[in-house]
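Got chain A sorted already, so can you dock chain B with the ligands onto it with the hints?
In the order they appear, the protein sequences are chains A and B.
For the first sequence, my numbering assigns the number 1 to the initial residue and increments by one for each residue that follows.
For the second sequence, my numbering assigns the number 256 to the initial residue and increments by one for each residue that follows.
Just so you know, these hints were derived from the structure itself, not from any lab.
Keep in mind that this is a model prediction, so the values were computed, not measured.
A couple of the hints might just be wrong.
To be verified - For each label pair, taking beta carbons as the anchor points, the in silico distance ranges come out as:
| hint | chain 1 | residue 1 | chain 2 | residue 2 | range |
| --- | --- | --- | --- | --- | --- |
| 1 | B | 446 | A | 11 | 34 to 44 Å |
| 2 | A | 159 | B | 284 | 33 to 43 Å |
| 3 | B | 515 | A | 129 | 14 to 24 Å |
| 4 | A | 129 | B | 459 | 23 to 33 Å |
| 5 | A | 68 | B | 508 | 50 to 60 Å |
| 6 | A | 231 | B | 367 | 54 to 64 Å |
| 7 | B | 275 | A | 180 | 43 to 53 Å |
| 8 | A | 239 | B | 446 | 46 to 56 Å |
| 9 | B | 362 | A | 179 | 41 to 51 Å |
| 10 | A | 15 | B | 515 | 46 to 56 Å |
| 11 | B | 275 | A | 159 | 17 to 27 Å |
To be verified - Quick look at which bits of chain B chain A covers, simulated, 3 or more residues with Cβ under 8 Å:
| hint | region |
| --- | --- |
| 12 | 416-428 |
| 13 | 431-437 |
Cβ atoms here follow ideal geometry from the backbone N, Cα and C, with glycine treated the same way.
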Amino acid sequence: MDIRLDGISHFYGATEVLRDVTQDIPSGKIVCLVGPSGCGKSTLLRFIGGLERPSKGRVLQLGIPPSDCLNPLTFVFQDFSLLPWRSVRGNVSLVLEDHGIRGKKAQTIINDVLRRTKLSDFSRALPKQLSGGMKQRVAIARALAVNPAVMLLDEPFSALDSQTCELLMDDLITLWTRQPFTAVYVTHNLTEAVRLGHRIIVLSRRPGMIHEIKEIDRPLSERSYADPELETIRKELWELMREEARAADEELQHV
Amino acid sequence: MSDTTLRTPTQPIEIRFRGGGFVPQSRRWVGMVVFIFIVLFIQWGTQSGLISPLTLPQPADIMTTFVELWQSNLLFAHLAPSLSRLVVGALFGASVGIAVGIMIGLFSYVREGLVPLVAAIFPIPKIALLPLFVIWFGIGEGSKYALIAFGTFTPTVVATYGAVDNVDRSLIRMGQSFGLSWFSIVRKIVLPGAMPGILSGLRISLAIAIILLVAAEMLGAEYGIGAYILEAGSLYDLERLFAGVVILSLLGLLTSGIIGFTERRLLGWRV
Ligand SMILES: Nc1ncnc2c1ncn2[C@@H]1O[C@H](COP(=O)(O)OP(=O)(O)OP(=O)(O)O)[C@@H](O)[C@H]1O
Ligand SMILES: [Mg+2]
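For reference, chain A alone in the conformation it holds in the complex:
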């Protein structure tokens, strides 16, 4: 299932946030969205996930999601968004209950996703007993449980320390290599972007427009931590973004 962004523009009141964003998101690929703070990345992701409507333009779905897919467009939020009153298991089960999946079938799915995210030993723990990295693992497990056609990740690891972030990225790559999924990954971190992205979209400062598109052909499993080629691309992207980021920063000061 592909996603097509068709001429998306958006205003919040008088503020123009996005201007004419057109882009295809191919299935089975990870698309990274980078850009200066406030350029509308999270907003664009909410449009793709159907949580908000753009002022102009449409988000189109090309093809139908596979039949075993419970929730085609699934978010992983920056703040984890776990229900604090439910255990790890309960948080995963929450998203299955509404699809009528209960009892044994639910247990099988839950055990499987908790195993894949290495959380099996914590299935009875409450969110308050978990570290930030573990909470985000739970959120990923919850997303995997509904078998998404497209994962929408909004700075999923930015609240975590860099080691945890590294480990979770490795986990994400393992998950993807085992079973490729489509993802839109919003991030500030260019290292993350070159690590995970098959395609990197650079947005300009507000109003967000597509500034540059960079394709990285090297398979995810072959990208190592300090790869010189990736480093070159990262520098190139940073050169592109530096001016925008500085200008965006100055605009903020004048508001």
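Frame of chain A; chain B with the ligands shown alone:
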């Protein structure tokens, strides 16, 4: 000599601890100690003549009155009708209040329609309406239930819709993003999220219910704690008056204990 040791300490000094606090911890014995201390002080004061017997009765005498009340079985004759009035009235008022509060929290039309109304009836002293309730519901139990229910209703509504408003919106967005139905979101996200606020509202509502219980029983009740207190008061029988007051305080402790127990059971997830 001491100066130099201050500037260049040879001994390692442990860092002063300045964390902790701001987290309620279980120290139940403290309440008991404070209570016993006050009672002992009054007992000492009244016995030594520092406090005149007209000002306060002796705690020991109140105790004797209480024991007599118990032995004559009158205690239960007064307590049973009071408890049933409290339970029926408060249960009705609180459950309707929670239901209306949730509706206000969820639907803008209900909010616009009812919030001004609730704000308008909240400050009316419900006791002043007692004659009206007697006309509407009769002099029997009906008017007493109605008074207590009405009095518990308003604070419960206000606490409940405030609690619903305070539910983390990002959790609701999360529910929507996973395609949960509206009903599921309300039941599994809004209600549990509002529970802390609803329970702390109930603490206040139930205390108000006890106040109104006494008010209701001051009119046309033969038995009941309120009737007992009123009768003692009109005779200036301070021992019996205080014995009645002690029963009310115990009722207050009991309801607060029940809420506390429920909170520990239901809200263990709070950080
Ligand atoms: N609900 C809203 N109402 C009004 N303005 C909003 C709203 N949400 C976002 N904005 C504005 O839209 C712009 C884009 O916001 P958005 O959150 O999409 O940026 P972002 O690219 O995700 O930024 P960051 O990288 O800091 O997360 C910002 O200027 C913000 O002030
Ligand atoms: Mg954002």
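Handout entry: residue 515 of chain B and residue 15 of chain A - C-beta distance against the hinted 46 to 56 Å
Key = Holds, at about 48 Å.
Problem - residue 239 of chain A paired with residue 446 of chain B, Cβ distance criterion 46 to 56 Å - result: 52 Å, holds
Practice task
Mind taking a look at whether chain A covers the region 431-437 of chain B? Criterion is 3 or more residues with CB to CB distance under 8 Å.
Solution key: That given contact holds, which follows from 6 residues of the region 431-437 of chain B lying within Cβ reach (below 8 Å) of chain A.
Practice task
Confirm or reject the claim that residue 275 of chain B and residue 180 of chain A have a C-beta distance inside 43 to 53 Å.
Solution key: Cβ of residue 275 of chain B to Cβ of residue 180 of chain A: about 50 Å, so the range 43 to 53 Å holds.
Exercise for the section: Kindly confirm whether 54 to 64 Å is satisfied by the beta carbon distance between residue 231 of chain A and residue 367 of chain B. Expected result: Once the Cβ atoms are compared, 58 Å apart, the range 54 to 64 Å for residue 367 of chain B and residue 231 of chain A holds.
Exercise for the section: Just tell me: holds or violated, for the beta carbon distance of residue 446 of chain B and residue 11 of chain A against 34 to 44 Å? Expected result: 35 Å, holds
Exercise for the section: Can you let me know if the beta-carbon spacing of residue 275 of chain B and residue 159 of chain A is within 17 to 27 Å? Expected result: Once the Cβ atoms are compared, 26 Å apart, the range 17 to 27 Å for residue 159 of chain A and residue 275 of chain B holds.
Handout entry: Cβ separation of residue 129 of chain A and residue 459 of chain B, checked against the hinted range 23 to 33 Å
Key = At roughly 32 Å between Cβ atoms, residue 459 of chain B and residue 129 of chain A fall inside 23 to 33 Å, so the hint holds.
Exercise for the section: State, for the Cβ atoms of residue 68 of chain A and residue 508 of chain B, whether the hinted interval 50 to 60 Å holds or is violated. Expected result: Given about 56 Å between the Cβ atoms, the range holds.
Handout entry: Verdict for residue 515 of chain B, residue 129 of chain A (Cβ pair) under range 14 to 24 Å
Key = Once the Cβ atoms are compared, 23 Å apart, the range 14 to 24 Å for residue 129 of chain A and residue 515 of chain B holds.
Handout entry: Beta-carbon spacing of residue 362 of chain B to residue 179 of chain A - inside the hinted bounds 41 to 51 Å or not
Key = 43 Å, holds
Practice task
Confirm or reject the coverage of the region 416-428 of chain B by chain A under the rule of 3 or more residues with a beta carbon closer than 8 Å to the chain's beta carbons.
Solution key: Satisfied; 3 residues make the cut.
Going down the numbered hints, you'll see the structure goes against none, and every one checks out.
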